[in-house]
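S.K.: The chain contents come next:
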Amino acid sequence: MESVGKIVQILLRGFVLTLELAGVTVVVAVLLGAALAMVSFSRFLAVRFAAKFFSWLIRGIPPLVLLLGAYYGLFYAGLDLSPFVSATIALSISHAAYFMENIRGGILALPKGQVEAGRALGMSRTRIAWRVELPELLRIIRPTCLASTTTLVKNTSVASIVAVGELMSVANKQVAVTGEPFLVLAIAGLFYFVACSVLLLLGRGSSR
Amino acid sequence: MNFFGTGAQPGILSEYGGSLLHGALMTVVLTLGCLAVSTAIAVPLAVVRESRSIWSRLVAGYTWLLLTLPQLLVIFFMFYGLPVIGITIPAVLTAILALGLTTSAYNIEIFRSGISAVPRGQFESARALGMSSWHVWTRIVLPQALPVIIPPFISNATLAVKGTALAAVVTVPELTSVAMGIINETSDPIAPLVTVAVGYLIINSILTGLQALAERKYGNRSRSVKRTTLRKALR
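Chains as they are written, first to last, in my numbering: chain A, 1 to 208; chain B, 1 to 235.
Calculated from the structure, these hints are not laboratory results. The beta-carbon is built from N, C-alpha and C at its ideal position, and this holds for glycine as well. Worth double-checking, as some hints may not be accurate.
[Unchecked claim] Taking beta-carbon pairs under 8 angstroms as the criterion, some of the chain A residues facing chain B (in silico): (1) Val8; (2) Gln9; (3) Gly60; (4) Pro62; (5) Leu68; (6) Tyr72; (7) Gly189; (8) Phe193; (9) Ser197; (10) Leu200; (11) Gly203.
[Unchecked claim] What follows is a set of in silico ranges between Cβ atoms, one per label pair, in the way DEER data are often shown: (12) A:Val8 - B:Trp64: 19 to 27 angstroms; (13) A:Ser3 - B:Leu142: 50 to 58 angstroms; (14) A:Ala163 - B:Ser56: 38 to 46 angstroms; (15) B:Val43 - A:Trp56: 26 to 34 angstroms; (16) A:Ser82 - B:Ile206: 45 to 53 angstroms; (17) A:Arg139 - B:Ser14: 49 to 57 angstroms.
Please model the entire structure based on the sequences and the hints provided.
M.R.: Rendered as structure tokens:
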């Protein structure tokens with residue numbers, strides 16, 4: 001049996017990769033989600049429909065299926081990508097749909113009175129957008145976006161299926177090596193618990 | 001585009017239709033099992049959570065823990081852990097229990113919001129009128145709580161459907177696992193994955209349809225109340 005210290009050390013390396021995977025994914029997913037949210041208010045019906053169809057489609061499919069699609073599909077399409085990159089692509093697409101809905105909901109919830117007040121004060125349209133609407137939007141979407149980010153961090157564990165080498169994959173390997181499922185998975189769980197608790201607490205703090 | 005037209009695609013349903021249907025059935029079984037387990041756990045825990053006892057804090061800790069742990073980790077924890085403590089049950093049951101546990105955390109919050117939608121005074125006045133606690137729940141609390149509970153419960157159920165895909169990892173032959181098997185046999189990933197994705201979309205669309213029905217049945221009343229009070233406030 002390996003010492004607890006050594007297991008922690010090995011899992012910590014996996015945890016760092018989990019954070020990297022989650023970090024890259026959250027940036028891509030938020031940017032993609034924001035673009036889709038804006039597009040979903042397009043004046044063209046076909047564009048609005050396409051954005052909403054994407055959201056419905058992606059939110060209806062398990063992340064695991066999307067991951068297998070990105071992993072095998074891109075490979076058979078002739079792209080030899082690393083598991084990390086295919087996991088980033090799949091998780092980004094999967095979560096972009098959720099960030100899109102969060103941002104869309106935030107835009108719909110923007111109070112009109114503030115814009116009118118801004119106009120009454122003689123502010124220009126861009127100034128209102130940057131100084132009034134954007135800060136208000138960020139305030140509104142922060143809790144939901146942080147909740148989605150928590151789900152994202154948890155869903156990076158799915159990437160272990162294609163052996164990305166993040167926390168869940170490393171933990172699985174350690175379970176096999178040590179034959180101590182409770183110990184290894186409890187330590188892995190502790191890492192997820194800490195990371196997700198921080199995100200959830202940030203979300204709570206901002207909503208109060 | 002050779003991966004679309006390998007000739008495997010038109011054959012996938014005729015050749016693997018049976019196992020795909022079995023997989024879909026297993027996905028439905030996992031979903032229903034998960035919802036049953038999570039409801040059985042969440043109903044009493046939601047009541048405790050809403051109570052003023054010290055156990056309320058413990059339930060809050062349980063919810064928090066399960067909200068921060070990946071479903072896959074809980075599945076592995078039970079799949080590898082249960083045999084170690086001498087419990088050997090079929091992988092399907094392990095998956096149902098694990099999925100039910102994680103889903104229960106969300107359901108506790110959903111049921112809580114339903115219970116707290118009923119003003120506390122109504123419990124007390126119903127009791128003061130001499131109603132039994134059975135009557136208090138069936139005639140006073142549930143009719144008011146269910147409209148609040150059902151829409152988020154069903155939308156949580158669509159998350160549960162997606163969670164069942166993870167059972168593939170512990171050898172449960174559900175939809176995703178069947179797709180993985182077909183990929184291994186035919187080395188054509190697109191046709192089985194698209195077929196399976198459509199399967200999930202169909203199951204989830206049925207649930208979304210139910211949600212719309214429930215909202216039409218229960219939603220109108222509370223919405224019209226909201227509108228009139230809003231209008232009154234605006235006057």
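S.K.: Hint by hint, note whether the structure agrees.
M.R.: Quick rundown of the hints versus the structure:
{"no.": "1", "hint": "Val8", "verdict": "16 angstroms, violated"}
{"no.": "2", "hint": "Gln9", "verdict": "19 angstroms, violated"}
{"no.": "3", "hint": "Gly60", "verdict": "4 angstroms, holds"}
{"no.": "4", "hint": "Pro62", "verdict": "4 angstroms, holds"}
{"no.": "5", "hint": "Leu68", "verdict": "6 angstroms, holds"}
{"no.": "6", "hint": "Tyr72", "verdict": "3 angstroms, holds"}
{"no.": "7", "hint": "Gly189", "verdict": "5 angstroms, holds"}
{"no.": "8", "hint": "Phe193", "verdict": "5 angstroms, holds"}
{"no.": "9", "hint": "Ser197", "verdict": "5 angstroms, holds"}
{"no.": "10", "hint": "Leu200", "verdict": "7 angstroms, holds"}
{"no.": "11", "hint": "Gly203", "verdict": "11 angstroms, violated"}
{"no.": "12", "hint": "A:Val8 - B:Trp64: 19 to 27 angstroms", "verdict": "23 angstroms, holds"}
{"no.": "13", "hint": "A:Ser3 - B:Leu142: 50 to 58 angstroms", "verdict": "54 angstroms, holds"}
{"no.": "14", "hint": "A:Ala163 - B:Ser56: 38 to 46 angstroms", "verdict": "42 angstroms, holds"}
{"no.": "15", "hint": "B:Val43 - A:Trp56: 26 to 34 angstroms", "verdict": "31 angstroms, holds"}
{"no.": "16", "hint": "A:Ser82 - B:Ile206: 45 to 53 angstroms", "verdict": "38 angstroms, violated"}
{"no.": "17", "hint": "A:Arg139 - B:Ser14: 49 to 57 angstroms", "verdict": "55 angstroms, holds"}
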